[in-house]
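Q: Residues per chain, in single letters:
Number of protein chains: 2
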Amino acid sequence: MSSLHGQNLLASNRSSQGSDTFHATDPSTQTPLEPTFAEATSSEIDLAMTLAEKAFWHYRKVEDSAKAAFLRAIADGLDQHVEDIAARAQLETALPAARLHGEMGRTTNQLRMFADLISSPDYRDIRIDTALPERQPPRPDLRRVLIAMGPVVVFGASNFPLAFSVAGGDTASALAAGCPVVVKAHPAHPGTSELVAEVILEAAQKTSMPAGVFSLVHGRSHEVGLALVRHPHTAAVGFTGSLRAGRALFDAASSRPTPIPVYAEMGSTNPMFVLPGALAERADAIAEGLAQSVNLGVGQFCTNPGVIIGQKGDALDAFVNKAANYFQASDPGTMLYSGVHSAYQDALKRARDTAGVQVAGETTGASGLQATAAIMRTDAQTFAANDDLQEEIFGPATLIVESDLEQMLELAKSLSGHLTATIHGTEAELPQYQALIEVLETKVGRLIFNGFPTGVEVCSAMNHGGPYPATTDMRTTSVGTAAIERFLRPICYQGFPQTALPAHVRD
Amino acid sequence: MSSLHGQNLLASNRSSQGSDTFHATDPSTQTPLEPTFAEATSSEIDLAMTLAEKAFWHYRKVEDSAKAAFLRAIADGLDQHVEDIAARAQLETALPAARLHGEMGRTTNQLRMFADLISSPDYRDIRIDTALPERQPPRPDLRRVLIAMGPVVVFGASNFPLAFSVAGGDTASALAAGCPVVVKAHPAHPGTSELVAEVILEAAQKTSMPAGVFSLVHGRSHEVGLALVRHPHTAAVGFTGSLRAGRALFDAASSRPTPIPVYAEMGSTNPMFVLPGALAERADAIAEGLAQSVNLGVGQFCTNPGVIIGQKGDALDAFVNKAANYFQASDPGTMLYSGVHSAYQDALKRARDTAGVQVAGETTGASGLQATAAIMRTDAQTFAANDDLQEEIFGPATLIVESDLEQMLELAKSLSGHLTATIHGTEAELPQYQALIEVLETKVGRLIFNGFPTGVEVCSAMNHGGPYPATTDMRTTSVGTAAIERFLRPICYQGFPQTALPAHVRD
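Residue numbers (the numbering used here), protein chains in the order written: chain E, 1 to 507; chain D, 1 to 507.
Treat each hint with caution, since some may be false.
DSS-like cross-link-like pairs, simulated, lysine-lysine; straight-line CA separation at most 30 Å [as the list claims (entries may be wrong)]:
#1 D:206 to E:54
#2 D:322 to D:312
#3 E:61 to D:413
#4 E:349 to E:312
#5 D:413 to E:413
#6 D:312 to E:413
For the record, the hints were derived by calculation from the structure and aren't laboratory data.
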């Protein structure tokens with residue numbers, strides 16, 4: 001691939017009108033990386049959205065088979081350039097090459113999955129009630145179908161530079177739905193974003209998609225994001241990131257003259273309940289699995305298990321010790337960028353300094369942007385009395401809460417919304433915990449038995465969502481085929497002649 | 001039925017703690033009707049929501065067949081008491097008996113339709129991806145299903161005292177979904193609301209539903225509605241009414257610490273395009289149909305056609321004269337209540353006083369709360385230059401806009417969101433208007449050919465919704481079976497043993 005240019009890509013036009021620039025930083029060495037990137041100006045943002053709106057009039061009518069070819073061309077282009085993209089992503093994120101290659105596989109799989117999905121009209125949930133002319137009053141012919149909503153703004157996520165960024169799940173599902181996409185690149189990996197954007201633009205050209213079906217804008221400032229959300233042509237927003245940023249975008253979208261939906265996935269603590277039978281049967285395996293799940297990707301996953309509730313006693317103590325050993329034995333990993341690192345260190349310090357919280361085990365020797373992974377423990381009263389302890393610590397930290405049976409249920413009831421909750425138990429003891437299951441059903445988007453919440457399968461049955469503050473819209477998922485529903489809305493044709501109906505709703 | 005008591009119904013408990021009272025008024029005579037009704041206090045509102053939340057824990061697990069029996073028992077109870085309910089509704093709304101009996105048929109049909117819908121688990125959109133233990137990494141068993149969202153607040157609509165009020169489509173779809181309902185009665189028909197609420201409560205008792213599955217609160221003040229929307233136990237809101245009120249509820253819901261969805265259907269102007277071929281073929285029939293559609297229910301329908309766009313010339317002049325004759329020959333009807341009447345008279349005056357607008361025909365002799373029905377005409381420039389003319393006039397008024405072919409398309413492009421748009425044309429001329437159809441697809445929830453937008457069929461393929469400001473959520477419908485989706489959200493069970501899964505997601 002050609003060398004990086006650092007400009008905004010307004011359709012295929014390079015643009016850098018503004019004087020504000022920034023650069024990526026190598027988190028391993030904390031040194032700046034070339035080139036400088038141009039922060040988008042308001043007129044560049046306006047042009048990106050205007051091009052997207054113009055493209056919408058064509059793209060919404062593009063045949064599903066042609067949209068599928070576009071998605072597959074993006075996937076093929078990513079496969080072709082995977083080495084260059086992964087190399088730049090590794091520089092910008094300090095994520096290991098194997099992880100980045102795996103994430104690219106996930107990204108291309110998602111693109112091809114949505115291409116397959118729209119190869120059948122099932123995704124349009126077509127409902128036909130034919131005319132009943134003899135009935136009094138007569139019933140007209142009615143045909144309901146889901147159609148594309150309009151231009152979608154997607155925010156790249158820092159922790160998934162590929163699978164939840166420029167060509168990630170939000171972009172793939174919006175393009176599959178028939179919506180042009182304007183991506184706001186995450187400023188921590190602007191070079192990776194540019195490389196992926198060029199692949200998308202090349203695929204758009206190869207498959208004759210309308211200009212403006214895709215644009216990429218850069219920006220570190222909140223203003224760029226807010227301007228995109230507030231732009232009158234924006235019809236919906238996809239976001240993965242922090243609660244604070246997600247809520248700010250939601251508030252901006254809700255207070256527009258014409259409000260629009262914001263699908264913000266803002267992470268969660270992902271509580272895990274470890275039942276006595278499970279501890280008796282396989283405490284070591286759970287302790288090892290927990291340590292792996294917490295530390296995966298230096299703990300920078302939305303589904304990272306941050307609170308573990310167990311029943312106090314010798315079995316739990318032994319479990320905590322085992323898990324602590326895994327933490328102590330692990331090497332510190334480098335975090336994505338300095339902002340994530342300092343937020344993590346602050347949150348960890350606040351948790352460990354809380355009266356009643358002890359550190360059971362932690363990694364040693366962290367330097368630079370490396371994270372000190374930590375497993376802490378506390379009692380149910382302390383946990384219940386400190387709202388801070390229920391908030392997500394984005395990074396490799398987890399907190400064991402010692403409770404009794406009754407406290408376990410009360411604690412579950414007091415939870416806010418989460419992406420996931422997990423129960424480790426034996427099938428034999430599970431019937432005693434029916435009340436716990438029922439409480440957790442109202443709190444989360446995914447309920448896991450004897451597994452770990454990290455590793456979100458991309459498939460039809462996945463739900464990666466959940467009640468606020470896990471997301472701003474618990475009716476939706478950002479992973480799996482159902483993610484396309486976020487960018488579709490129904491229309492009903494009444495009494496239309498066959499010739500004037502879209503092909504997929506004809507007889 | 002027993003005589004009216006005028007109290008709030010917090011589950012089956014009558015309550016009137018506050019000192020604020022109000023009464024209904026007979027719109028025909030503008031005289032007050034007995035009894036007085038007790039405005040709900042904040043502690044009564046809190047109790048209604050607390051009871052709903054308690055009920056939710058049971059009701060969400062009630063078998064679909066038992067929920068269906070509950071819905072059918074409500075329908076049976078309404079059938080049994082139809083005479084009393086329609087008599088009171090006629091007093092409170094001045095709607096004719098035949099209309100109210102028809103509306104009751106629609107109401108009971110809706111209840112039975114949702115009972116039928118939940119008799120099959122299809123409404124839960126169940127998706128199962130079974131485990132792939134041999135794959136690397138292994139795929140766990142994943143089962144996604146839609147579940148009830150939580151307690152729902154429903155606002156009764158003034159213009160449909162039955163079908164969009166206490167036991168209307170919002171209530172029926174929320175109860176079918178497994179959500180307890182708290183209805184805020186519309187203060188224009190509190191007695192009708194009480195009678196219907198008593199039927200629901202009796203049905204709940206007969207079918208052993210949990211206490212708190214239904215409550216009714218009264219209130220004229222905005223504070224009652226806002227308190228319901230802001231209550232922490234409220235999970236979603238259904239509303240049919242004005243843009244101002246709907247937007248206020250949406251803003252309150254969006255700015256909660258935990259935002260919730262508001263499904264507000266706020267009406268629209270429902271533009272109708274009359275093409276030259278249609279005028280040549282059947283101008284008189286369209287003029288008659290238009291006059292009937294505009295005047296149906298004294299024009300108090302969200303789908304009432306308020307703007308008619310035609311191409312200027314002799315054919316359009318003749319059409320307008322024919323329609324004007326129908327308006328002049330019609331008798332003035334009494335509107336629902338004084339607030340609707342004065343808002344209508346004000347909006348009509350503003351429209352007819354606009355420079356460039358002429359009255360083509362109107363009813364005469366209106367007195368009291370009777371409406372002067374009016375058909376007005378203007379030119380495309382005047383229409384484009386006056387935003388006011390694009391706003392809904394809730395009542396029996398419509399505006400003919402004379403344009404040429406190009407202006408017709410520009411005018412369509414300039415439209416905001418509407419519930420419906422209609423095209424009258426011949427099948428032969430329709431291909432020339434493909435661009436018009438495509439523009440209208442992006443503006444409305446339902447697109448009608450050679451019909452009238454009033455008379456919203458209740459069925460699977462109906463979409464009664466549309467882009468803002470027609471509604472606050474264009475992804476949804478408030479009429480037809482898809483209305484249930486508003487009160488459901490997904491959850492995914494991962495790796496759960498069969499015995500711990502809800503029955504409908506087992507193998």
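Q: Compare the structure with the hints numbered earlier in the document and write down the numbers of the violated ones, lowest to highest.
A: 1, 5 and 6
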